[in-house]
Amino acid sequence: MAYTQILIAGFGGQGILFAGKVLAYKGLEEQKQISWLPSYGPEMRGGTANCSVIISDTPVGSPIVSNPDILIAMNLPSLDKYESAAVPGAKVFIDSFLIDRKVKRSDIEAFYIPATKIARDLGTPTLANMIILGKVIRETGAVSMEGLKEALSKTVSAKHRDLIELNMKAIEAGYGFSE
Amino acid sequence: MATVFKKPEALTDAPLHYCPGCTHGIIHRLVAEAIDDLGILGKTVGVAPVGCAVMSYDYFSCDMVEAAHGRAPAVATGLKRAMPDRIIFTYQGDGDLASIGMAETVHAATRNENVTVIFVNNAIYGMTGGQMAPTSLPGQVTQTSPYGRDVKTVGYPIKVCELLSALDAPYYIERVAVNNVKNVLAAKKAINRAFRNQIENRGFSLIEVISSCPTNWGMTPDNALKWIETDMIPYYPLGVYRDKSKEEN
Amino acid sequence: MEKVLMKGNEAIAEAAIRAGCRHYFGYPITPQTEIAAYMSKRMPKIGGTFLQAESEISAINMVYGVASAGLRAMTSSSSPGVSLKQEGISYLAGCDLPALIVNVQRGGPGLGGIQPSQSDYFQATKGGGHGDYHLIVLAPASVQEMADLTVKAFDLADKYRMPAMLLADGTMGQMMEPVELPEAVEYKPEKPWAVTGTENKREHNIVNSLYLVPEQLEQKNIERYEKYRTVAENEAMCEEYMTEDADVCVVAFGIAARVSKNAITEARKQGIKAGLIRPITLWPFPKEAIRKAADKVKGFVSVELSMGQMIEDIRLAEDCKKPVSLCCRVGGMIPSPEEVLKAIKDMEGGKI
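Residue numbers (numbering that gives the first Met the number 0), protein chains in the order written: chain U, 0 to 178; chain B, 0 to 248; chain V, 0 to 351.
Just chain U, same shape as in the assembly:
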């Protein structure tokens, strides 16, 4: 029975919470048990932000992810803070355009994606979160790509409908990325 604990961390403004929401909505579409818990407060813009997502076949206990199976680090302070907390065997996704170090542990599997650069090259500089999410989906199967667009359309607010295609494009770019 899968019980996947995901921690997404970075700067406020990088779309940390949104990336978590996409996973949560997709998990819900897949009939999984879900919880999504943001950090909240003064760090909303520019400070550190993180988001706990649990996707599970069984009821979710604590919604707080302290020891992630999947860690997404979108900036250096996040990697510094959470690398040691990841479970042995955890998959760690790193925006290598913003973080210039490798992981220190040998018992975790690291994926380095220059997400911010890819996003810029695509002309969607704010969608590094979706690039890295595509890679996460590819490497973990936490959720499947099938029907992802429907989940996206529930996540994106009505006034940003036009962004669904762009988000999808970014996710696909991340999904197809190989180091």
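A few of these clues could be false.
Among the chain U residues that face chain V by a calculated CB cut under 10 Å, a handful are [unchecked claim]: (1) T3; (2) F17; (3) K20; (4) I33; (5) L36; (6) Y39; (7) P58; (8) K153; (9) T154.
Rather than coming from a laboratory, the hints here were simulated on the basis of the structure.
Ideal placement from N, C-alpha and C gives every residue a C-beta, glycine not left out.
Add chains B and V to chain U, keeping to what the hints say.
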């Protein structure tokens, strides 16, 4: 034989507890007469304050709510929002309205909440035995200003009508007094108008009524009425401070 | 019905609307502001009232006004704001008025912090304001319960003519989970005591808490406590999780219960028989479940986001038959499953 005088329908038979010479009784009657005259008794809900008029819920025969000290305008807001077709009034003293309830007063006014506020200013906390009120006059001796209100340490009285008139929203604000027949007749007219404004959905109307407190002022009822004329009214000039009907015309 | 992902705060707001609440009064404070934001969007569209009051004090008194008129009304806030509301809550209790107050707790005392807490337990369950009174206090532990217990709170408040409080915390307010929203009802109040205007057909109704004759005030209090006894007998609710064979019984509510379930799962893996009693009503406290467990377990662990508040009610309920230990974090910190597991092991091993 023709009836020339009777108790308004909007008052119950309960004997008033007010001190001899206190003008709350007159003001109760004016409010009740307005309710009778406008035929709104069955659809009126009043809000009683904390202070001397706390038990006015027993005296008015309409439905009544007793509010916490100073909160009557907020309670009236809730009542009016719940029942826009009902007529809601508050009956508040100076401590209630201008001290502990100042925020509620100002904000109900600035929302132009469609309620009627009867503000009884007797320059003292009567119920608790005569302490200094936000409206006590400079130099006025009270239980808590035994050497007279010292404006250097406790500040100046609050002039509610003047203060609320600085707001854009309120529809009607008038100060009246009940110390002589002429003033009582003017007060009756003003209170009537404040209720009519609400019936016509005009918004916030406040009538400040300069009232006497012979017991705590330490005066005979007659001298208390004179003191209103000689001391209160000069500090709190009577008149209409806001009348949006004029602006509308 | 379809499940939707919603924040706990939004689930409360939507559930309240579906329960027929058309009057919301609030004041901004983290971490519950989403309730006000949600209401400000929805209420104007359904002919309801959303009003951002000038203060928490005014907000609760506006609720008092609507409740006096016999309609469903609510306010929400977080700890410092709920302290301000206590005057109004005492008046609601003293006038036997039904209403809903939501407290999405944050760390205290004073301005405290904005992270989750359960340190308003005493304030919520022991009265909070002046005078002898209780609120019905419900403690949701999921977004689904944020919705369900909101409806329940309105129903219980009406049934017993007393204010009810939903005691949540920042985690419950901020988290999203799938939720099946309750059916919308058309609320038709049957409250002959309400001040709706006499229509010249009846004696005037008075909503009042002033009784200057001591004998009358005493009698009012006695009658109210008779009502409270009925509530305590009939409405206490809790969830029992793996308590049948438990040697160690964790007692926790809200987010603390969620964390404790993880710890219990791990304890069971390690061969320790741990279970959980999760109070859903904090007042009335589920004394009977605790009392029964006391006959079977080695001891209790009270897991709290407070410095040991609920532990007093556990001790009263089990009559000090078995030891009760405290596992707590405060100030916005949340105990980890490991910390709870250690407390379970210590109790199991008699190390307390």
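Hints and how they fare:
Interface restraint check for U/T3: the shortest CB-CB distance to chain V comes to about 14 Å, outside 10 Å, so the restraint is violated. Against a cut-off of 10 Å between C-beta atoms, the interface hint on U/F17 is violated, since the closest Cβ of chain V lies about 12 Å away. Hint status for U/K20: holds, given a least beta-carbon distance of 7 Å to chain V, under 10 Å. Satisfaction of the interface hint for U/I33 is found here, the shortest Cβ-Cβ separation to chain V being roughly 6 Å, below the 10 Å cut-off.
Using the Cβ-Cβ criterion of 10 Å, the hint placing U/L36 at the interface with chain V is satisfied: the shortest such distance is roughly 4 Å. Restraint check, U/Y39 versus chain V: the minimum CB separation of about 5 Å is within 10 Å; hint holds. At about 8 Å, the closest approach between the beta carbon of U/P58 and any beta carbon in chain V falls short of 10 Å, and the interface hint on this residue holds. The beta carbon of U/K153 is positioned within 10 Å of a beta carbon in chain V (closest approach about 8 Å), and the interface hint is therefore held.
The beta carbon of U/T154 is positioned within 10 Å of a beta carbon in chain V (closest approach about 9 Å), and the interface hint is therefore held.
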